[in-house]
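**Q** Fit chain B to the given chain A structure using the hints.
2 protein chains.
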Amino acid sequence: MPAQPPTLQPWTTLARQPVLQAGDGRFLTVEYHTVQLPDGQVIEEWPWLRTPDFVNIVAETAQGYFVCFRQTKYAAQGVTLAVAGGYIEPDEEPLAAAQRELLEETGYAAPDWTPLGEFVVDGNRGAGRAYLFLARNATPLQPIAADDLEEQELLLLTRQEMADALAAGEFRVLPWATAVALALLRLG
Amino acid sequence: MPAQPPTLQPWTTLARQPVLQAGDGRFLTVEYHTVQLPDGQVIEEWPWLRTPDFVNIVAETAQGYFVCFRQTKYAAQGVTLAVAGGYIEPDEEPLAAAQRELLEETGYAAPDWTPLGEFVVDGNRGAGRAYLFLARNATPLQPIAADDLEEQELLLLTRQEMADALAAGEFRVLPWATAVALALLRLG
Numbered sequence: 001m002p003a004q005p006p007t008l009q010p011w012t013t014l015a016r017q018p019v020l021q022a023g024d025g026r027f028l029t030v031e032y033h034t035v036q037l038p039d040g041q042v043i044e045e046w047p048w049l050r051t052p053d054f055v056n057i058v059a060e061t062a063q064g065y066f067v068c069f070r071q072t073k074y075a076a077q078g079v080t081l082a083v084a085g086g087y088i089e090p091d092e093e094p095l096a097a098a099q100r101e102l103l104e105e106t107g108y109a110a111p112d113w114t115p116l117g118e119f120v121v122d123g124n125r126g127a128g129r130a131y132l133f134l135a136r137n138a139t140p141l142q143p144i145a146a147d148d149l150e151e152q153e154l155l156l157l158t159r160q161e162m163a164d165a166l167a168a169g170e171f172r173v174l175p176w177a178t179a180v181a182l183a184l185l186r187l188g
Numbered sequence: 001m002p003a004q005p006p007t008l009q010p011w012t013t014l015a016r017q018p019v020l021q022a023g024d025g026r027f028l029t030v031e032y033h034t035v036q037l038p039d040g041q042v043i044e045e046w047p048w049l050r051t052p053d054f055v056n057i058v059a060e061t062a063q064g065y066f067v068c069f070r071q072t073k074y075a076a077q078g079v080t081l082a083v084a085g086g087y088i089e090p091d092e093e094p095l096a097a098a099q100r101e102l103l104e105e106t107g108y109a110a111p112d113w114t115p116l117g118e119f120v121v122d123g124n125r126g127a128g129r130a131y132l133f134l135a136r137n138a139t140p141l142q143p144i145a146a147d148d149l150e151e152q153e154l155l156l157l158t159r160q161e162m163a164d165a166l167a168a169g170e171f172r173v174l175p176w177a178t179a180v181a182l183a184l185l186r187l188g
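Protein chains in written order, with our numbering: chain A, 1 to 188; chain B, 1 to 188.
What the hints contain is simulated information worked out from the structure, not anything from laboratory work.
Virtual Cβ for every residue (Gly too), placed ideally from N, Cα, C.
Hints should not be assumed to be uniformly reliable.
To be verified - Label pairs and their computed distance ranges (CB to CB):
{"hint": "1", "chain 1": "A", "residue 1": "L154", "chain 2": "B", "residue 2": "R186", "range": "24 to 30 Å"}
{"hint": "2", "chain 1": "B", "residue 1": "P143", "chain 2": "A", "residue 2": "A146", "range": "48 to 54 Å"}
{"hint": "3", "chain 1": "A", "residue 1": "E44", "chain 2": "B", "residue 2": "D39", "range": "43 to 49 Å"}
{"hint": "4", "chain 1": "B", "residue 1": "T158", "chain 2": "A", "residue 2": "T158", "range": "29 to 35 Å"}
{"hint": "5", "chain 1": "B", "residue 1": "A168", "chain 2": "A", "residue 2": "E92", "range": "21 to 27 Å"}
Claimed, not checked - To give an idea of the interface, some chain B residues facing chain A are shown, with a C-beta separation under 7 Å as derived from the structure:
{"hint": "6", "residue": "W11"}
{"hint": "7", "residue": "T12"}
{"hint": "8", "residue": "L14"}
{"hint": "9", "residue": "P18"}
{"hint": "10", "residue": "L20"}
{"hint": "11", "residue": "L28"}
{"hint": "12", "residue": "K73"}
{"hint": "13", "residue": "V79"}
{"hint": "14", "residue": "F119"}
{"hint": "15", "residue": "G123"}
Unchecked claim - Covered, in the sense of this in silico footprint (three residues per stretch, anywhere, with C-beta under 8 Å from a C-beta of chain B), are these stretches of chain A:
{"hint": "16", "region": "51 to 65"}
{"hint": "17", "region": "90 to 103"}
{"hint": "18", "region": "119 to 131"}
{"hint": "19", "region": "173 to 185"}
This is chain A alone, in the form it adopts within the complex (with noise of 0.2 Å):
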């Protein structure tokens, strides 16, 4: 038992010093926070990242299947599934970046859209936060207008398809398997 019960008090962040931008900052800025604990106790240079906030979106067509990807990504070092998602623009709200993700990547526009979260990356160092969605009754609009790198083959799967694939570990980027998990309980 600790000597003291927890208070919970949230640490205070007394400083903020940027030391790293990647190119125009965009994309990633690290800084050093001097940070202070409850006790009183304070770090210096404790690593901050600064990314970009970012929506996932698990979209189910009206006919019951799953918008998803099979795509290359570079930090899978190879072939993942995927599911919609892309980093939201300064002063977009996380659901109209989902519905507009959503319609780039796949073409797919839904009319019923559930939250399905929102969580900071690394508990740690920040690291963006991800906004996670359920798209339903999604219905095909439009081409396919993503900008996007990499290649990537739009895929429908069933519901058993795409939690199988999940079990296997083929959503292999964090929070692409955290959306078809969440979307999967939230579906019962």
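**A** Just chain B now, with coordinates in the frame of chain A:
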């Protein structure tokens, strides 16, 4: 339709250049990679984050309770529910790290371990890999011996309480939510 079918060839890393090492580099090193796409295009200064691989563990006791925490976490800007976890030491196997962290952080040990998957955190920039586990039939073995900076309270939640907390967004850090969601799906 694309003019050419996707080859789904991985990108190639042509060069790596460290550009920032925080402290001794154990927790964060930033690199710029020179990356070649399958069509031959070369991208210079692709930011890449080296952070430690880590484990998270959803542990169910022999009585059917789930070993969780309520804790403060800097990036969550306040209180969040959490599961056990931590960084993998150099040359440590993920399962060994999971068993060590569960014991250190909760005092529990478990005989039954199920891997829930391995995921890269950031599909573009790396930022380490998450190795997620379900531990079953956990029993208390020793006092808590964690050296974490965060204040935390151990909680034993029923499966329904954990599922409700997940759906309510109370696991506010991405890999923790992923681990809980995958564990709930696995438990059926």
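**Q** Now look at each hint and say whether the structure bears it out.
**A** Taking the hints in turn, this is what the structure says about them:
no. : hint                        : verdict
1   : A:L154 / B:R186: 24 to 30 Å : holds (28 Å)
2   : B:P143 / A:A146: 48 to 54 Å : holds (53 Å)
3   : A:E44 / B:D39: 43 to 49 Å   : holds (45 Å)
4   : B:T158 / A:T158: 29 to 35 Å : holds (32 Å)
5   : B:A168 / A:E92: 21 to 27 Å  : holds (25 Å)
6   : W11                         : holds (5 Å)
7   : T12                         : violated (10 Å)
8   : L14                         : violated (12 Å)
9   : P18                         : violated (11 Å)
10  : L20                         : holds (5 Å)
11  : L28                         : holds (4 Å)
12  : K73                         : holds (4 Å)
13  : V79                         : holds (5 Å)
14  : F119                        : holds (4 Å)
15  : G123                        : holds (4 Å)
16  : 51 to 65                    : violated (count 1)
17  : 90 to 103                   : violated (count 0)
18  : 119 to 131                  : holds (count 10)
19  : 173 to 185                  : holds (count 10)
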